[in-house]
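The primary structure of each chain is shown beneath.
Number of protein chains: 2
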Amino acid sequence: MDKVAIALIQHSCSEDIKENEEKALNMIETAAKNEAKIICTQELFKTRYFCQVEDWDYFKYAEEINENNETIKKLSKISKEYSSVIIASLFEKRAKGIYHNTVALINEKGTLAGIYRKMHIPDDPHFYEKFYFTPGDLGYKVFKTKYGNIGTLICWDQWYPEAARLTALKGADIIFYPTAIGWLPEEKEEYGESQYNAWETVQRGHAVANGCYVVAVNRVEFEPSPDGNSGIEFWGQSFISNPYGEIIKKASVNKEEILISEIDLKMIDETRIVWPFFRDRRIDSYQEITKRWID
Amino acid sequence: MDKVAIALIQHSCSEDIKENEEKALNMIETAAKNEAKIICTQELFKTRYFCQVEDWDYFKYAEEINENNETIKKLSKISKEYSSVIIASLFEKRAKGIYHNTVALINEKGTLAGIYRKMHIPDDPHFYEKFYFTPGDLGYKVFKTKYGNIGTLICWDQWYPEAARLTALKGADIIFYPTAIGWLPEEKEEYGESQYNAWETVQRGHAVANGCYVVAVNRVEFEPSPDGNSGIEFWGQSFISNPYGEIIKKASVNKEEILISEIDLKMIDETRIVWPFFRDRRIDSYQEITKRWID
Numbered sequence: 081m082d083k084v085a086i087a088l089i090q091h092s093c094s095e096d097i098k099e100n101e102e103k104a105l106n107m108i109e110t111a112a113k114n115e116a117k118i119i120c121t122q123e124l125f126k127t128r129y130f131c132q133v134e135d136w137d138y139f140k141y142a143e144e145i146n147e148n149n150e151t152i153k154k155l156s157k158i159s160k161e162y163s164s165v166i167i168a169s170l171f172e173k174r175a176k177g178i179y180h181n182t183v184a185l186i187n188e189k190g191t192l193a194g195i196y197r198k199m200h201i202p203d204d205p206h207f208y209e210k211f212y213f214t215p216g217d218l219g220y221k222v223f224k225t226k227y228g229n230i231g232t233l234i235c236w237d238q239w240y241p242e243a244a245r246l247t248a249l250k251g252a253d254i255i256f257y258p259t260a261i262g263w264l265p266e267e268k269e270e271y272g273e274s275q276y277n278a279w280e281t282v283q284r285g286h287a288v289a290n291g292c293y294v295v296a297v298n299r300v301e302f303e304p305s306p307d308g309n310s311g312i313e314f315w316g317q318s319f320i321s322n323p324y325g326e327i328i329k330k331a332s333v334n335k336e337e338i339l340i341s342e343i344d345l346k347m348i349d350e351t352r353i354v355w356p357f358f359r360d361r362r363i364d365s366y367q368e369i370t371k372r373w374i375d
Numbered sequence: 081m082d083k084v085a086i087a088l089i090q091h092s093c094s095e096d097i098k099e100n101e102e103k104a105l106n107m108i109e110t111a112a113k114n115e116a117k118i119i120c121t122q123e124l125f126k127t128r129y130f131c132q133v134e135d136w137d138y139f140k141y142a143e144e145i146n147e148n149n150e151t152i153k154k155l156s157k158i159s160k161e162y163s164s165v166i167i168a169s170l171f172e173k174r175a176k177g178i179y180h181n182t183v184a185l186i187n188e189k190g191t192l193a194g195i196y197r198k199m200h201i202p203d204d205p206h207f208y209e210k211f212y213f214t215p216g217d218l219g220y221k222v223f224k225t226k227y228g229n230i231g232t233l234i235c236w237d238q239w240y241p242e243a244a245r246l247t248a249l250k251g252a253d254i255i256f257y258p259t260a261i262g263w264l265p266e267e268k269e270e271y272g273e274s275q276y277n278a279w280e281t282v283q284r285g286h287a288v289a290n291g292c293y294v295v296a297v298n299r300v301e302f303e304p305s306p307d308g309n310s311g312i313e314f315w316g317q318s319f320i321s322n323p324y325g326e327i328i329k330k331a332s333v334n335k336e337e338i339l340i341s342e343i344d345l346k347m348i349d350e351t352r353i354v355w356p357f358f359r360d361r362r363i364d365s366y367q368e369i370t371k372r373w374i375d
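Chains as they are written, first to last, in this note's numbering: chain A, 81 to 375; chain B, 81 to 375.
Simulated from the structure, these hints should not be mistaken for lab results.
No experiment lies behind these values; they were computed from the predicted model shown.
The reader is advised that the hints may include incorrect statements.
30 Å max Cα-Cα, derived DSSO-like pairs, lysine-lysine [what the hints assert, rightly or not]:
{"hint": "1", "chain 1": "B", "residue 1": "329", "chain 2": "A", "residue 2": "329"}
{"hint": "2", "chain 1": "B", "residue 1": "268", "chain 2": "A", "residue 2": "346"}
{"hint": "3", "chain 1": "B", "residue 1": "346", "chain 2": "A", "residue 2": "371"}
{"hint": "4", "chain 1": "B", "residue 1": "330", "chain 2": "B", "residue 2": "226"}
{"hint": "5", "chain 1": "A", "residue 1": "268", "chain 2": "B", "residue 2": "329"}
{"hint": "6", "chain 1": "A", "residue 1": "154", "chain 2": "A", "residue 2": "140"}
{"hint": "7", "chain 1": "A", "residue 1": "268", "chain 2": "A", "residue 2": "330"}
To be clear about the criterion: a stretch of chain B counts as covered by chain A if any three or more of its residues have a C-beta under 8 Å from a C-beta of chain A, and this derived list gives those stretches [as the list claims (entries may be wrong)]:
{"hint": "8", "region": "192-202"}
{"hint": "9", "region": "210-224"}
{"hint": "10", "region": "241-251"}
{"hint": "11", "region": "271-280"}
{"hint": "12", "region": "314-327"}
{"hint": "13", "region": "353-364"}
Backbone N, C-alpha and C define an ideal beta-carbon position, used for all residues, glycine too.
The whole structure should be built from the sequences, with the hints applied where relevant.
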């Protein structure tokens with residue numbers, strides 16, 4: 081099976097978690113009905129992006145990720161009915177006092193095939209994730225599915241060539257990045273375009289360097305900061321890049337969208353034969369990449 | 081010193097080595113006269129790109145790289161007179177039977193500060209470099225100069241995020257890539273634009289991921305293959321990317337050019353504070369990057 085339709089679920093979130101979940105489930109089901117075989121949510125799709133502030137109260141949103149989780153059950157039902165793989169980004173409570181920013185992969189049989197826990201955790205104004213999320217300890221993950229080998233990374237991971245490379249080295253045909261990124265209104269005019277372009281460029285670069293597809297799924301709309309201190313205007317523009325780093329489909333900047341596109345996995349083999357980057361890696365010379373800085 | 085003018089020397093090459101060298105030296109001197117303080121040549125600037133074929137005869141072009149090398153002496157003279165750093169790409173004869181694709185860095189005092197030997201060696205139709213060049217064994221290099229910390233990589237290296245990362249981790253403010261890349265006429269119509277864009281994108285991605293400047297210096301014009309078998313149309317378009325991955329200056333596709341631009345090294349500090357990617361690298365999780373493939 082070389083051609084597979086994938087779907088990116090881009091939407092806004094209100095303060096009503098139930099409403100967000102229902103909306104996302106409806107969009108996922110619509111995508112599945114329309115023959116999408118791999119469907120990916122945006123990051124933390126059930127809630128507003130609560131990491132804009134550090135508030136203990138938000139830990140209530142976290143949930144155990146297993147077959148008994150209510151959202152997983154609902155997703156599994158859709159997954160099984162339409163034989164679609166679903167990648168869902170959730171706030172995981174792993175233990176009392178250990179929380180992760182996690183992706184669950186439900187395979188085309190409706191089975192929870194496994195999880196990935198965000199490895200790189202940001203901490204910047206309006207993105208206080210180090211407060212909520214313990215850095216992942218499962219390493220990089222690839223799930224072999226009926227529709228291809230799926231690599232999963234999350235948002236801040238997308239700035240790290242090491243994460244993309246290690247996921248590709250594990251065999252990923254497509255790397256999915258559920259994301260929550262946007263403009264701070266006070267910066268947008270001066271830096272907005274540069275920030276957006278850098279985000280898109282670095283991910284397209286991963287696609288080129290690794291000869292694979294890269295998919296980013298972002299949310300839309302302005303979410304005010306709960307402390308009344310400005311907010312984030314999420315920049316949407318979820319996209320799919322082919323192994324040449326070309327954007328083959330991109331969602332709008334401000335509208336909810338089910339972005340569906342057929343991709344051709346044969347292109348991975350073809351690109352890597354013509355540009356055999358993996359053949360020539362100098363693996364004898366990369367040891368120091370495990371250093372913080374080479375003084 | 082935060083602001084520094086850099087120059088990219090983009091030109092064509094004939095079969096006459098003396099003529100090529102004189103042209104390049106003139107362009108370098110003109111750049112230096114115009115206040116360029118870091119000047120970089122294209123890859124193997126003294127000759128046509130002879131790697132289009134495997135021919136023992138071309139080893140005669142190789143030379144020992146040291147203070148007594150005639151080209152180094154001429155470059156040192158210019159360097160010293162104008163207090164400019166020069167990065168020169170040369171075919172190195174290291175020993176009988178050991179040849180490298182090498183960059184020499186001459187500092188602003190006219191001293192040969194050191195060399196870098198191309199680590200990643202391609203071998204593809206019209207780019208038979210594995211025949212000529214032993215892979216580098218000096219690792220990744222950064223030269224601390226009066227005008228900033230200069231990282232040097234060469235052409236095929238530019239597809240490898242590991243090379244850019246390791247050079248950045250050694251403190252590079254600017255990574256220079258002398259290059260010889262172009263279109264094969266038989267592929268240009270179908271793949272030409274994609275190939276060019278992938279090349280530019282992956283390097284802009286290195287600039288973003290590493291928060292540094294990236295500079296690529298390429299040659300121009302069509303060079304026929306010595307075996308009469310088509311040839312390469314070098315695509316010029318030497319460029320400078322800032323730490324946001326934005327191209328701040330780019331040369332034409334087919335003209336000889338001395339591309340001079342002032343860059344602001346303060347932007348590196350500023351970008352890395354706002355986007356602290358180095359802070360959050362998961363160096364505990366990158367060990368397997370030294371594997372060929374993770375089976």
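So, against the hints stated earlier in the document, which numbers end up violated here? none
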